[in-house]
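J.: Take a look at the letters that make up each chain.
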Amino acid sequence: MHLGDRLSAYIDNELDPPARSAAERHLSDCPPCRDELEGVARVRLRTRALPLQEAPLALFAPSAEVVALPVRRRVLVAAAAVATLVVGIGLGVNGNEAVPLQLNPLVEQHVARASLDPGFNVIQVQAVVGR
Amino acid sequence: MILLAVTLTLVTLLGALPAPDLVDDLDKAGEAEFVGRQLVVCWAPDGTVAQVTDIEQSGGMTMVTGPDGSFVIGEGKMIEQYAGGIEYLEMTPTTHWRLWDGYTVRDGENRTGLADVRVIEILEDDAIRARFVLDEATSAPLTTEVYGRNEALYRYSSLIEFRPREDEPMLDMSDMPEPERRPTRTAATVPALAGHYWAADTYSAPGGVHVFFTDGLFRFSVFEVDRKSDGGGLAKLPAVDIGGAGGYHRQHTPGAVSVFWRTPDLAYILVGDLPPDQLDAVLADLPTPSRPNLLKRAWRWAFG
Numbered sequence: 026m027h028l029g030d031r032l033s034a035y036i037d038n039e040l041d042p043p044a045r046s047a048a049e050r051h052l053s054d055c056p057p058c059r060d061e062l063e064g065v066a067r068v069r070l071r072t073r074a075l076p077l078q079e080a081p082l083a084l085f086a087p088s089a090e091v092v093a094l095p096v097r098r099r100v101l102v103a104a105a106a107v108a109t110l111v112v113g114i115g116l117g118v119n120g121n122e123a124v125p126l127q128l129n130p131l132v133e134q135h136v137a138r139a140s141l142d143p144g145f146n147v148i149q150v151q152a153v154v155g156r
Numbered sequence: 002m003i004l005l006a007v008t009l010t011l012v013t014l015l016g017a018l019p020a021p022d023l024v025d026d027l028d029k030a031g032e033a034e035f036v037g038r039q040l041v042v043c044w045a046p047d048g049t050v051a052q053v054t055d056i057e058q059s060g061g062m063t064m065v066t067g068p069d070g071s072f073v074i075g076e077g078k079m080i081e082q083y084a085g086g087i088e089y090l091e092m093t094p095t096t097h098w099r100l101w102d103g104y105t106v107r108d109g110e111n112r113t114g115l116a117d118v119r120v121i122e123i124l125e126d127d128a129i130r131a132r133f134v135l136d137e138a139t140s141a142p143l144t145t146e147v148y149g150r151n152e153a154l155y156r157y158s159s160l161i162e163f164r165p166r167e168d169e170p171m172l173d174m175s176d177m178p179e180p181e182r183r184p185t186r187t188a189a190t191v192p193a194l195a196g197h198y199w200a201a202d203t204y205s206a207p208g209g210v211h212v213f214f215t216d217g218l219f220r221f222s223v224f225e226v227d228r229k230s231d232g233g234g235l236a237k238l239p240a241v242d243i244g245g246a247g248g249y250h251r252q253h254t255p256g257a258v259s260v261f262w263r264t265p266d267l268a269y270i271l272v273g274d275l276p277p278d279q280l281d282a283v284l285a286d287l288p289t290p291s292r293p294n295l296l297k298r299a300w301r302w303a304f305g
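Protein sequences, first through last, are from chains A and B. When you line the first sequence up against my numbering, it's residues 26 to 156, in that order. When you line the second sequence up against my numbering, it's residues 2 to 305, in that order.
In isolation and in its complexed conformation, chain B is listed as follows (with noise of 0.2 Å):
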């Protein structure tokens, strides 16, 4: 009996030990100093999207900057400078990093003709689906390619314009006030897996519960909120169907995809950088779209 147990110890240890040169690079790439000009295109389902934007990381942080104001993000922490003060958000991990077993991690061939990077692929069945090219002195992440069903490119960020970053630090986090913690949770209505992804934490969030879903290389967190709510601006959008499944609201960014729908008892808003594909499987395991019965509305409307 205890060698069963120390055999299936042994085995999920095993199975959850993250790809050892995927983290170091990761992390290396997370940790480069640069600063650059970072271009971003998302074939979506709903349309193409781009973006333009200004990155310098540093730290381990990341810096963006736009026309309203700047903001770092890194290490768990969010601070958004603006003309009124500073907001800083910080948020704590209850869980492990670690690689999905679906995915496989191998070295890639420098396709792009450059001489010193380091090409890294993700594979799922065999094919592609994600690939990293790395500046190998600086292992700043030059580009990145992120696949959807039938190895069809879904995202592609590249830094058109990049170089190595010798300045003082960007920040200086001694000059921070204290930052603000969301509380862990235990209660939430969606279940730990959904698609292959897990939830790896469950927080307090504005208006309700945050869990938050990983598989190591794309993450999502679903939000739930009162099912009055408008979604922040979604619910106006025009309703579609997703996986064969109607009543869901979806906005695309060039590095995120946003989806809201509504149940009898709650609405869910749903923030995230995975593929199309994947995001079917996943919303095929979260509560579905659908109104509340007749009893119910009736209900509500007379009584609130």
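This is chain A alone, in the form it adopts within the complex (with noise of 0.2 Å):
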């Protein structure tokens, strides 16, 4: 009889002295009950020490910064052109701003097309909380 939830309660010091003291009697001949005492420790030890998130449905949220749309340019002289591209290309300009694009519709097809393939709820259901 291994101690289950009451390793639990140990580990939280929830337990009355006597059970205590046989929850240690027993940890000390049970190698399963002590395995699983340090994964459960350390899983606590690491977790405590992180903020824990709340389960927000959409991580990747969308941007909401509204970027412009790219101007073009036309070069209507060549050698100013020549000469502003020079400048240009001196301080890295890429020609182009950045185009919003929402990241939840790309993960919610992989994860669609994912969930067809077996074990995927056992390893990859929280992906999809990542959207």
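Since the hints were derived computationally from the structure, they do not count as laboratory data. Take these hints with a grain of salt, some might be off.
Listed below are several chain A residues computed to face chain B (Cβ distance under 10 Å; list not exhaustive) [what the hints assert, rightly or not]:
no.	residue
1	Met26
2	Gly29
3	Ser53
4	Cys55
5	Pro56
6	Ala123
7	Val124
8	Leu126
9	Leu131
10	Glu133
11	Ala137
12	Ser140
13	Pro143
Quick list of simulated restraints, FRET-style, between CB atoms [what the hints assert, rightly or not]:
no.	chain 1	residue 1	chain 2	residue 2	range
14	B	Asp22	A	Pro43	15 to 25 Å
15	B	Ala246	A	Asp54	50 to 60 Å
16	B	Asp173	A	Asp60	35 to 45 Å
17	A	Ser53	B	Thr93	51 to 61 Å
18	B	Thr93	A	Met26	26 to 36 Å
It should be emphasised that the depicted structure is a prediction, and the values quoted were computed from it without experimental measurement. Note that beta-carbon positions come from the ideal geometry of N, C-alpha and C, so glycine has one too.
Please dock the two separately framed chains into a single complex, following the hints provided.
T.: In structure tokens, the structure reads:
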């Protein structure tokens, strides 16, 4: 008979003294329970150090910033254009501003396709939360 | 000649056969009926992320509920319910699932001390890559561990609350509107093999092309989009080096990694659940980040 739920209570110091002593006696003789204790304690230690996130449905929130549409430029005077190009290239200008893209539909498409694989729900259900 | 062809065909077929027990176990896990709360922790290279989510699984579909609404996934379907209505996407595969032959499947020891569980371990080069602990009675996935290089724990998920589900069916599909479907495509710039992953399907996607890669255990999608795209906001993240190459923008959620980068002609968004050492190998085989040469930049600057 293993500790089961009492292991969690033991870690949280919620057992009364007799139950705690009994749990410690059991742990000293039971390698599987010791392994579980070690695993649970390790995860708790690590997770307690984290700011636990709530479960938002859209971690990849679309950008609220509205990016202006690219403006096409025309070179009217060849010489002026060449000069401007040299300056532009020197400044690392790409000529076009970023175009906003919604990530959520892409992630949804990935997740929908992935859900056809056996084991998807085992491994990757959390990926959806990151839509 | 015919004998050779038959032999080759047999070898190919045998090599492509999935591990039957694994398929059976994972299928059962996907069909388990339960309600629970899941903790997922990912020790990612950029920092540790964790999340707790309420989930409900029934009829091969999983419902995830959060403060802004809920969505249901499974069997190629993605259904999002929100205040304004329902979005329903359905994907159709063109290839069958198989497990990469570099993996070995074995029954694991019950290290957790739980009485009635089934432990499955996936090994790569004799090193643990994934471990599943399934409830014997319901096949529910109680715990999943994913390991990176040197058997370092990368992702840990566990049902911290769990009970078998005995209610009415979770979802009445007869009420659903007609799903949106993505047509398949053949053209893509990414190779058919990346790391040991193979491109299973190629589809149209909003703003570009979608190539779905898998090794049977993990999976990722590469979206080819306009190089001017902001990657859904990923471009605003600091650029990082991955596998010795710079220019990547990376974000981890507990269950997935997203990477964005640009080449002179296209931008790419990768979304998947693969561990970091495999991600390095994959990115090494995909087009690498680079800027257009001076002439091309000048042309684009002048003429758009």
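J.: Each hint needs a verdict: does it hold in this structure or not?
T.: Going down the list of hints, with the structure as the test:
no. : hint                           : in the structure
1   : Met26                          : holds (9 Å)
2   : Gly29                          : holds (8 Å)
3   : Ser53                          : violated (14 Å)
4   : Cys55                          : holds (7 Å)
5   : Pro56                          : holds (9 Å)
6   : Ala123                         : holds (4 Å)
7   : Val124                         : holds (5 Å)
8   : Leu126                         : holds (4 Å)
9   : Leu131                         : holds (5 Å)
10  : Glu133                         : holds (5 Å)
11  : Ala137                         : holds (4 Å)
12  : Ser140                         : holds (5 Å)
13  : Pro143                         : holds (4 Å)
14  : B/Asp22 x A/Pro43: 15 to 25 Å  : violated (44 Å)
15  : B/Ala246 x A/Asp54: 50 to 60 Å : holds (53 Å)
16  : B/Asp173 x A/Asp60: 35 to 45 Å : holds (44 Å)
17  : A/Ser53 x B/Thr93: 51 to 61 Å  : holds (56 Å)
18  : B/Thr93 x A/Met26: 26 to 36 Å  : violated (50 Å)
Taken one by one, the earlier hints fail for this structure at numbers 3, 14 and 18, listed in ascending order.
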